[in-house]
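S.K.: Below are the chains, spelled out letter by letter.
Number of protein chains: 2
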Amino acid sequence: MDEVTVHSPATVSNVVCGFDCLGFALAEPFDLITVRRIEQPTIRIINRDDYGLPTEPSKNVAGVALLAMLQVMEASFGFEVEITKGIKPGSGIGSSSASSCGAVAAANHLLGNPFTKAELVGFAMEGEKLASGAKHADNVAPCIFGGFTLVRSLDPLDIVSLTYPQLFATVIHPQIEIKTSEARAILPTSVPLADAVRNWSNLGAFVAGLVNRDYELISKSMVDVIVEPARSPLITNFDEVKAAGIGAGALGGGISGSGPSIFMISSSLETAQAVRRAMKEVYSSTGIEFNLYVSGIEREGVRIV
Amino acid sequence: MDEVTVHSPATVSNVVCGFDCLGFALAEPFDLITVRRIEQPTIRIINRDDYGLPTEPSKNVAGVALLAMLQVMEASFGFEVEITKGIKPGSGIGSSSASSCGAVAAANHLLGNPFTKAELVGFAMEGEKLASGAKHADNVAPCIFGGFTLVRSLDPLDIVSLTYPQLFATVIHPQIEIKTSEARAILPTSVPLADAVRNWSNLGAFVAGLVNRDYELISKSMVDVIVEPARSPLITNFDEVKAAGIGAGALGGGISGSGPSIFMISSSLETAQAVRRAMKEVYSSTGIEFNLYVSGIEREGVRIV
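Residue numbers (our numbering), protein chains in the order written: chain A, 1 to 305; chain B, 1001 to 1305.
Mixed in with the good hints there might be a few duds.
To be verified - Cβ-Cβ distance ranges computed for the label pairs, FRET-style:
1. T236(A) / S1181(B): 43 to 49 angstroms
2. T1286(B) / G112(A): 53 to 59 angstroms
3. E270(A) / G1249(B): 49 to 55 angstroms
4. E270(A) / D1155(B): 31 to 37 angstroms
5. E270(A) / I1038(B): 45 to 51 angstroms
6. A1118(B) / K59(A): 25 to 31 angstroms
Claimed, not checked - 30 angstroms max Cα-Cα, derived BS3-like pairs, lysine-lysine:
7. K220(A) / K1135(B)
8. K129(A) / K59(A)
9. K1129(B) / K1220(B)
10. K220(A) / K1220(B)
11. K1280(B) / K1135(B)
12. K179(A) / K88(A)
13. K1129(B) / K220(A)
14. K1220(B) / K129(A)
15. K88(A) / K59(A)
16. K220(A) / K1117(B)
17. K129(A) / K179(A)
18. K280(A) / K88(A)
19. K117(A) / K129(A)
20. K117(A) / K1220(B)
21. K1220(B) / K135(A)
22. K1088(B) / K1059(B)
23. K179(A) / K280(A)
24. K1088(B) / K1117(B)
25. K1129(B) / K1117(B)
26. K1280(B) / K1220(B)
27. K1117(B) / K1179(B)
To be verified - Here chain B is said to cover these stretches of chain A; the calculated rule only asks that three of the stretch's residues, wherever they fall, bring their Cβ under 8 angstroms from a Cβ of chain B:
28. 129-139
29. 173-181
Bear in mind the hints are in silico, worked out from the structure with no lab data behind them.
C-beta atoms are modelled at their ideal positions from N, C-alpha and C, and glycine is treated no differently.
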């Protein structure tokens, strides 16, 4: 095998009540990433898009993830990586994760799959550390595993795949910039115990709702009294967009990752389209440019094209 | 129907990672409660045990719960309640909940079941308020519903019944006194966000473990970095008992409710018996008297005898 090309999905992390642990993969948008083995013990990055991302391996999330993999292997060879980003950087739907996960998953396949999915998550987390300053797995886990994932523990890394009913996501990406590091800095360092209890009660119920395919419970549990109140003021018309989405029939929704994207989930494609129209109407009046996506849940995660 | 007698189970609340929301019902020990309708619009309490609990309705948890029910009904009649407690007051396995839930469930049956289970939880919570100074439902919910329950929200009251695999509990009740109000006062009023995240990640995983009947995940998720470190110093030899229980094969365990009882759960009766022996051995050296229970999970909750 000379090269492997993968389809690497966007992901929604936090999912309202699961800050820093819950996430799911989107069928769209996605990146296309091709990895080739090269003789030289280095990483060569070729960007096939107009985002002007760094090509120096140590400054590129895919490069950092691949370097971590090569280091573990004590490899004497390297990789050339060609990245076509369909996921806009800084959108809050796991753009950096898609790059780093896609790169390591493609490289793993090229080498005959010496690494487990959990190990790939570990390498990709090095990319997250570069992107946000913190090692976290709530985007990389669903990107690698697909579907809904819960990161039970970071050390040791323990990822739980959750079953779920038919769901469709509607995502609006307003073209405003929120740096992940800034969105982290705005969070409280400590929270009232009573608020924490409300949050874990809702997360427990949300997980039960997913696994039991209980749409009503999923809907009721999508409540966040800790992170959303702190971050939502950073996003123009957040409350209006959320209310419009729920008014159009969405089960619930909120900030995707650290924003600025806002996601909604619905039980049918028809509802997700109605939610799209409702969200679009709110944002059309703001003068801010935006992208809109309606997408199923990506069951598989990164996959070979 | 002249009278109704019910079997009202002990319950374990918090369950390590589910502080203030999670609980399950024990097959043993239990209270026996008989309720009779009387002409006078009052509550008459007869205690058939040696615990010397108050008989004045407004100072007795069963009395308070029944008064709440009568008030909603604008009733012109009353109840006589005969209570035989099998659950020692102050044990931390839901003694007050068993009294109040048993009383309202028996009265409800006597009246032809005008109230839903959720409404009975609401009445019984008035008893919890009397007992601990705070309205909470993590013991009354499993006492009424049986099995494992998650209180998603107190206002509005929303209780989620969780499915679960075969499990057996081992409970040790050291004869030391910990007042619920004191055990509450020792808790931090706020917690680091990172600790809260660890806790909700574990609770989410625990719920997934229960519903998916995944013993390994149940075991790994029984971690509490918030409440157990604060409360466990109140319980003599807590760490040793817990370590002995896990060493004997328990999936996990911790403080039952606000203590002093310590519970362990195991996947088989045989293991639960081995856990019993291990816990007994640790406590035998302390000079403190204790009771030990090995019990299945009570599926039904309060039931008519």
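S.K.: With reference to the structure, classify each hint as holding or not holding.
M.R.: These are the hints, each one checked on the structure:
The hinted window of 43 to 49 angstroms between T236(A) and S1181(B) holds, with their beta carbons roughly 47 angstroms apart. At roughly 58 angstroms, the beta carbons of T1286(B) and G112(A) sit within the given window of 53 to 59 angstroms. Between E270(A) and G1249(B), the C-beta spacing of about 51 angstroms keeps the proposed range 49 to 55 angstroms intact. Checked against the hint of 31 to 37 angstroms, the C-beta distance between E270(A) and D1155(B) comes to roughly 34 angstroms, which is consistent with it.
Judged by the Cβ atoms, the range 45 to 51 angstroms given for E270(A) and I1038(B) is violated: they are separated by roughly 58 angstroms. Remark: the range hint 25 to 31 angstroms for A1118(B) to K59(A) is contradicted by a beta-carbon distance near 56 angstroms. With a C-alpha separation of about 21 angstroms, the suggested pairing of K220(A) with K1135(B) holds against the 30 angstroms cut-off. Simply put, K129(A) and K59(A) have alpha-carbon atoms about 11 angstroms apart, close enough for the 30 angstroms limit, and the pair holds.
Simply put, K1129(B) and K1220(B) have alpha-carbon atoms about 33 angstroms apart, too far for the 30 angstroms limit, and the pair is violated. Simply put, K220(A) and K1220(B) have alpha-carbon atoms about 27 angstroms apart, close enough for the 30 angstroms limit, and the pair holds. For a cut-off of 30 angstroms, the pair hint linking K1280(B) to K1135(B) is broken: about 34 angstroms separates their Cα positions. Between K179(A) and K88(A) the alpha-carbon distance is near 14 angstroms, which keeps this suggested pair within the 30 angstroms criterion.
In summary, the hint linking K1129(B) to K220(A) is supported, as the alpha carbons are separated by about 26 angstroms, within the 30 angstroms threshold. Pair hint K1220(B) plus K129(A) holds up; C-alpha atoms about 26 angstroms apart against a cutoff of 30 angstroms. A hinted pair counts as satisfied when its Cα atoms are at most 30 angstroms apart, and K88(A) with K59(A) qualifies at roughly 17 angstroms. Among the hinted pairs, K220(A) with K1117(B) is consistent with the structure: their alpha-carbon atoms are about 20 angstroms apart, no more than 30 angstroms.
Using a Cα cut-off of 30 angstroms, the hinted pair K129(A) and K179(A) holds, with the two alpha carbons roughly 14 angstroms apart. Straight-line distance between C-alpha atoms of K280(A) and K88(A) comes to about 19 angstroms, which keeps the hinted pair within the 30 angstroms bound. Taking the CA atoms of K117(A) and K129(A), the gap is about 19 angstroms. The hint holds against a cut of 30 angstroms. For the proposed pair K117(A) and K1220(B), the alpha carbon gap of about 20 angstroms is at most 30 angstroms, so the pair holds.
Restraint check for K1220(B) and K135(A): the C-alpha separation of about 22 angstroms stays at or below 30 angstroms, so the hint holds. Distance check on the hinted pair: K1088(B) and K1059(B) sit about 17 angstroms apart at the alpha-carbon level, within 30 angstroms; holds. At roughly 24 angstroms between alpha-carbon atoms, K179(A) and K280(A) fall within 30 angstroms of each other, so this suggested pair holds. Distance check on the hinted pair: K1088(B) and K1117(B) sit about 25 angstroms apart at the alpha-carbon level, within 30 angstroms; holds.
Our distance criterion of 30 angstroms between C-alpha atoms is met by K1129(B) and K1117(B), whose separation comes to about 19 angstroms. The straight-line distance between the Cα atoms of K1280(B) and K1220(B) is roughly 24 angstroms, inside the 30 angstroms bound, and the hint therefore holds. Only pairs whose Cα atoms come within 30 angstroms are accepted, and K1117(B) paired with K1179(B) is accepted, the gap being roughly 28 angstroms. Only when three residues or more bring their CB closer than 8 angstroms to a CB of chain B does the claim for the segment 129-139 of chain A stand; here the count is 0, and the claim is violated.
Counting residues of the segment 173-181 of chain A whose CB lies closer than 8 angstroms to any CB of chain B gives 0, which falls below the minimum of 3, so the coverage claim is violated.
Checked against the numbered hints above, the structure breaks hints 5, 6, 9, 11, 28, 29 and satisfies the rest.
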